[in-house]
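Spelled out, the chains give:
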Amino acid sequence: MFKDIQDVMGKLSEQQYIASDEISTVVYLAQQLGKPVLAEGPAGVGKTELAKVWAAASGRPLVRLQCYEGLDESKALYEWEYAKQMLYTQLLRDTLKDVLSDAKTLKQAAARLSQEDDVFFSEDFLLPRPLLTALTSDEPVVLLIDEIDRADVEFEAFLLEILSDFQVSIPELGTIKAKHQPMVLLTSNNTRELSEALKRRCLFLHVDYPDFESEMNIVRMKVPDLTEDMAKQAISVVQELRKMNLRKMPSISETLDWARALVTLNAKEIDAETLNNTLTVLLKYEADVQNARRRMG
Amino acid sequence: MDGRVIEFVRGLRAAGVRVSLAESREAMMAIQIMGIRDRDLFRETLRATMIKEVASYRVFDELFPLYFSADDPPLQNVYDDLNEGDQNMLRGALQAMSGQLDDLLDWLTSGEGPTKEELERMAEQAGKNYARDHRDAVYVTREMLRDMGFDKLQEKMAQLVEKLLEMGMSEEAIMKILGVMEANQEMLVENMARQVGRQIAQDRAERPEGLQDSDLMGKAFNSLSAAEKLELRQELGRMVNQLKTRAALRRKRGQKGKFDAKSTVRASQRTGGAPFELKFKRNRQKPSLVLLLDVSGSLRETVDFALRLIYELQDQVSKVRTFAFYRTLSEVTHIMTKIDARNDDEIYRPVRAAVDGGPYQTDLGACLQTFHDRHLSAVTGRSTVIVVGDGCNSYNDPRGDLLQDLSRRAKKLFWFNTEDPYQVQDDSDMHVYEPYCDAIFPVRNLRQLSAAVDKILVD
Chain A
1 MFKDIQDVMG
11 KLSEQQYIAS
21 DEISTVVYLA
31 QQLGKPVLAE
41 GPAGVGKTEL
51 AKVWAAASGR
61 PLVRLQCYEG
71 LDESKALYEW
81 EYAKQMLYTQ
91 LLRDTLKDVL
101 SDAKTLKQAA
111 ARLSQEDDVF
121 FSEDFLLPRP
131 LLTALTSDEP
141 VVLLIDEIDR
151 ADVEFEAFLL
161 EILSDFQVSI
171 PELGTIKAKH
181 QPMVLLTSNN
191 TRELSEALKR
201 RCLFLHVDYP
211 DFESEMNIVR
221 MKVPDLTEDM
231 AKQAISVVQE
241 LRKMNLRKMP
251 SISETLDWAR
261 ALVTLNAKEI
271 DAETLNNTLT
281 VLLKYEADVQ
291 NARRRMG
Chain B
1 MDGRVIEFVR
11 GLRAAGVRVS
21 LAESREAMMA
31 IQIMGIRDRD
41 LFRETLRATM
51 IKEVASYRVF
61 DELFPLYFSA
71 DDPPLQNVYD
81 DLNEGDQNML
91 RGALQAMSGQ
101 LDDLLDWLTS
111 GEGPTKEELE
121 RMAEQAGKNY
131 ARDHRDAVYV
141 TREMLRDMGF
151 DKLQEKMAQL
161 VEKLLEMGMS
171 EEAIMKILGV
181 MEANQEMLVE
191 NMARQVGRQI
201 AQDRAERPEG
211 LQDSDLMGKA
221 FNSLSAAEKL
231 ELRQELGRMV
241 NQLKTRAALR
251 RKRGQKGKFD
261 AKSTVRASQR
271 TGGAPFELKF
281 KRNRQKPSLV
291 LLLDVSGSLR
301 ETVDFALRLI
311 YELQDQVSKV
321 RTFAFYRTLS
331 EVTHIMTKID
341 ARNDDEIYRP
351 VRAAVDGGPY
361 QTDLGACLQT
371 FHDRHLSAVT
381 GRSTVIVVGD
391 GCNSYNDPRG
401 DLLQDLSRRA
411 KKLFWFNTED
421 PYQVQDDSDM
431 HVYEPYCDAI
441 FPVRNLRQLS
451 AAVDKILVD
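For the protein sequence lines, the chains are A and B, in the order given. At position 84 of the first sequence the residue is numbered 84 (this note's numbering), and the sequence of numbers has no breaks. At position 198 of the second sequence the residue is numbered 198 (this note's numbering), and the sequence of numbers has no breaks.
Source of the hints: derived by calculation from the structure; they are not laboratory data. Beta carbons are placed, not taken as given, at the ideal position from N, Cα and C, and that holds for glycine. Hints may contain errors.
[Stated by the list, open to error] In silico DSSO-like links for lysine-lysine, alpha-carbon gap of 27 Å or less: (1) A:Lys-248 <-> B:Lys-219; (2) B:Lys-319 <-> A:Lys-84; (3) B:Lys-262 <-> A:Lys-75; (4) B:Lys-219 <-> B:Lys-319; (5) A:Lys-75 <-> B:Lys-412; (6) B:Lys-411 <-> B:Lys-455; (7) B:Lys-411 <-> B:Lys-219; (8) A:Lys-75 <-> B:Lys-244; (9) B:Lys-412 <-> B:Lys-244; (10) B:Lys-262 <-> A:Lys-84; (11) A:Lys-232 <-> A:Lys-284; (12) A:Lys-52 <-> A:Lys-3; (13) A:Lys-52 <-> A:Lys-284; (14) A:Lys-75 <-> B:Lys-219; (15) A:Lys-222 <-> A:Lys-179; (16) A:Lys-222 <-> A:Lys-284; (17) A:Lys-179 <-> A:Lys-52; (18) A:Lys-84 <-> B:Lys-279; (19) A:Lys-75 <-> B:Lys-455; (20) A:Lys-75 <-> B:Lys-258; (21) B:Lys-455 <-> B:Lys-286; (22) B:Lys-411 <-> B:Lys-279; (23) B:Lys-116 <-> B:Lys-244; (24) B:Lys-244 <-> B:Lys-281.
[As the list claims (entries may be wrong)] Where chain A lies over chain B, by a calculated footprint (3+ residues, C-beta under 8 Å): (25) 26-32; (26) 61-69; (27) 363-376; (28) 446-456.
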C-alpha cells in the first residue's frame, strides 16, 4: 500500500519508472477508491510497463490478460478441464460401480449418479484463466488488461460486470466473489473508441510522449552508460522526429533501444553518418526513414 | 467547496463534456481523500475522475481556472500609503475632475473594485447574454472595458498627475499613486475576465440544452440550418457508439442458438465419447447490407446522414454495397470507401455525381431494371436490402415485380421512407412497393433514422 503520492513516486522510481504527477496521482487514487485505471495513449509510452512496476512497487503479483480480436469469456475467465474430468471418470470407474451397485433400476442409478455429479463440476476441474486467477488469488494482485481496444465490444460488455462488482457467476458453481479486490489497469492504444459505460467505471489516465526533461531522466536512468551530452543530442533528435508527420512516431521504448545502440556502437557524437546508420532503430517504416533523412539533411 | 464542484460539473456539461452522476460523486470522494490544499493535485484529481476523453481535456483546462482560481486578489488602496495631506490632495484632484470616468478612477484608487452586481450589470450591457461559451469572455470583457472608458484612462491619468502637481504634491507621492493605480488596473482586468467567464459558463449551464431531449433530433432533415446540421453531425458520433454497444450486447446475449448435435458429437471424441462440451449454433450474424439511395435533391440531407451513420457502423455489418439512383442507377461503393464519414463535409455531392437525373426525372422502374440486370449478384440470402427514398417516381412505371423479386432473394428488405405522411405526392408509388417490404421505417429526422438503423442491426 502506498502512503501518499510522494510514496507512489518514490516506490515507482525505485523500480526505475519515472512517474509524472498525473500518473502518481491516478495510481494513488485508484488504490484509495478501489477503481480500475484506464490508461490511454500511443504505443510504447510505458502503459504496460506501469502495470509491471505498480505490481513490483506494491509487492503484488501481476496477472496479465492480453486482449485480441476474438477473445472470449472462456479464454479470459475459466474453462472446464475436460481431459482431467474424463481421466477421473475412467480412474474412478470402480468406485462408481460400487456407488451404483445397489441400484436396482436405471432410474435409481441415474438418481444416485446425479447426487454425485457435483464432484466433476467442482473447482478441482476448473481451469482458471487470468480474470478468475485475479479474483480468486489468496493475495491481492495487480491485474493488467492489456490493449482492451483490440478486444470486441462484446468482451468489453462482459468486462463491465467484473469491473463493477468484482465477482463472476459460473453456472455450475455459483457466484465467485473476489477474495481481495485486485488493482486493475486497462491499457488502450485508442484504435477504437471504448464504450462510455466502461470509461465511466474507470479513472482515466492519458499517457503521452514525454517532454525533453522527462525523457532525459528516463534515458539517464535506464541507459546510464550513455554520456549526458550524447543523451541530450539523442533526445533532441527524437523530439524533433516526433514533430514530423510520420506514420509511426518513435516511442520511449524506441528511444531507449536507440540509446543502447549508440552505446554499443561506441558513438562519440550523433553526426550524419551515425544517424543514417541507426535511424532504422527509431523508425519502423521505410517511408518514415526516407522522410526523416530528407528533412534532417 | 462541494457547491463549487457541482457548479463546475454543470459548466462542463454545458460545454458538451459528459459527466455522469456516478463520476461527480466519485470526484467528491476523491477530493475527500486528496484534500484541496494543493491546487495542482486537486486539478489532477478532478480530471482523472471526471474526464474520460483526451478531447475533453481542453474544455476542462479552460474551465478549471474560472471556477477554482484562488479568490480574486484584492485591489490595493492608494490612500493607505499616503500621508494625510496627500490624501486630501488626491481627493480634491479627483473631485475637480468629475466626469465619465469617476467610477473607474474611484475603483482604481480606493481598491474597492466594482461589486458583483455592478459587474453583472456591466457584463449584461456588454452583450454577455449573447456569448455562446466561456471563450467569448474575452470579447465581452473588452467591450466592458470600452464601456467603462479604459481607452481614455491614460489621458485621464495624465490629467490627474498634472492636477496633483499643480496642487503641489511631491513627485515621489505621485509616482506611488501611479504605481498602485497601474497594478490595480491590471488586477481589475484580470478579475473581470475571470468573473465574466465564470458567469457565462454558469449561464450556459442553466440553459437546458441536452441535444437528446432537444427538438433537433426530431427536426426534419430538410428544415435544418447549416449550424444545426453541424451540431447533429457531432452528436452522430456519440449515437454511433450507443448503437454499437447495444448491438454488441444483443449479439452477446443472443449468442447461444440451437443445440448443435453434430458439433457436440465431434467434440465428444476428444473426451472418449462423453459429451462434456455442448455445442450450439451461433445464430446471429452481422448483416450484410445493400443500400439503394434515392439521390434526388429533396433527399440531400437524408442521404448525407444515412450514409454517415451506416459507414460509421461498418464494423457492425459484414459488408456494405451502396447504389445511388435518380434517372439512372450506378454503384457508388468505391466512392464511399474513399470518403471519411467523420470528417468530410460533403458526402452527397460525389454520390450524386455518379448518376444522371434532374428535377422530376426519378425513374425507379428503370433503375430497378438496371439493378436487376447488372448487380443482382450483390443480393444473396444473407443480405439486408435497404431502399432510402420517398417513392416518388415521376409517373414512370414503378415495376413492383422487380422489387418483389429482390425481396424474395434478400434476407430482408426494408424501406426507409422520407415521405411526409401529411403531404403525399401525386407521383408517389409507395403503395405499389409497400407489399414487398418487410418493414417501412419513416426516416424524416435523426431520431427516426437511428431507431431504424437500430432495428436493422438486430435482424
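Hint by hint, here is what the structure shows:
For the hint linking Lys-248 of chain A to Lys-219 of chain B, the alpha-carbon distance of about 43 Å lies beyond 27 Å, and the restraint is violated. Taking the CA atoms of Lys-319 of chain B and Lys-84 of chain A, the gap is near 42 Å; set against the 27 Å cutoff, the hint is violated. Proximity of Lys-262 of chain B to Lys-75 of chain A is assessed by CA-CA distance (about 23 Å); at most 27 Å being required, the pair is judged to hold. Under the criterion of a C-alpha separation no larger than 27 Å, the hint pairing Lys-219 of chain B with Lys-319 of chain B is inconsistent with the structure, at around 30 Å.
For the proposed pair Lys-75 of chain A and Lys-412 of chain B, the alpha carbon gap of about 35 Å is over 27 Å, so the pair is violated. Distance hint between Lys-411 of chain B and Lys-455 of chain B is fulfilled; the C-alpha atoms sit about 14 Å from each other, no more than 27 Å. With a CA separation close to 32 Å, the supplied pair Lys-411 of chain B and Lys-219 of chain B exceeds the 27 Å bound. Distance restraint check for Lys-75 of chain A and Lys-244 of chain B: the Cα-Cα separation of roughly 23 Å lies within the 27 Å cut-off, and the hinted pair is therefore satisfied.
Taking the CA atoms of Lys-412 of chain B and Lys-244 of chain B, the gap is about 21 Å. The hint holds against a cut of 27 Å. For the proposed pair Lys-262 of chain B and Lys-84 of chain A, the alpha carbon gap of about 23 Å is at most 27 Å, so the pair holds. In summary, the hint linking Lys-232 of chain A to Lys-284 of chain A is supported, as the alpha carbons are separated by about 22 Å, within the 27 Å threshold. A distance of roughly 19 Å separates the Cα atoms of Lys-52 of chain A and Lys-3 of chain A; the hinted pair therefore holds under the 27 Å criterion.
The straight-line distance between the Cα atoms of Lys-52 of chain A and Lys-284 of chain A is roughly 26 Å, inside the 27 Å bound, and the hint therefore holds. As the CA atoms of Lys-75 of chain A and Lys-219 of chain B are separated by approximately 47 Å, the hinted pair breaks the 27 Å bound. Note on Lys-222 of chain A and Lys-179 of chain A: the hinted pairing is violated, with a Cα-Cα distance of about 36 Å set against a maximum of 27 Å. Taking the CA atoms of Lys-222 of chain A and Lys-284 of chain A, the gap is about 22 Å. The hint holds against a cut of 27 Å.
Distance restraint check for Lys-179 of chain A and Lys-52 of chain A: the Cα-Cα separation of roughly 21 Å lies within the 27 Å cut-off, and the hinted pair is therefore satisfied. For the suggested pair Lys-84 of chain A and Lys-279 of chain B, the alpha carbons sit about 19 Å apart, so the restraint of at most 27 Å is met. Using a Cα cut-off of 27 Å, the hinted pair Lys-75 of chain A and Lys-455 of chain B is violated, with the two alpha carbons roughly 31 Å apart. Between Lys-75 of chain A and Lys-258 of chain B the alpha-carbon distance is near 22 Å, which keeps this suggested pair within the 27 Å criterion.
The straight-line distance between the Cα atoms of Lys-455 of chain B and Lys-286 of chain B is roughly 13 Å, inside the 27 Å bound, and the hint therefore holds. For the hint linking Lys-411 of chain B to Lys-279 of chain B, the alpha-carbon distance of about 26 Å falls within 27 Å, and the restraint holds. Between Lys-116 of chain B and Lys-244 of chain B the alpha-carbon distance is near 48 Å, which puts this suggested pair outside the 27 Å criterion. Between Lys-244 of chain B and Lys-281 of chain B, the direct Cα distance comes to roughly 23 Å. Compliance with the 27 Å bound is thereby established for this hinted pair.
With 3 residues carrying a beta carbon less than 8 Å from a beta carbon of chain A, the stretch 26-32 of chain B meets the three-residue requirement, and the given coverage holds. Here the stretch 61-69 of chain B counts 0 residues with a CB under 8 Å from a CB of chain A, which misses the bar of 3, and the coverage is violated. Residues of the stretch 363-376 of chain B lying with their CB closer than 8 Å to a CB of chain A number 0, which falls below the three-residue condition for coverage. Counting residues of the stretch 446-456 of chain B whose C-beta lies closer than 8 Å to any C-beta of chain A gives 0; at least three are required, and the coverage claim is violated.
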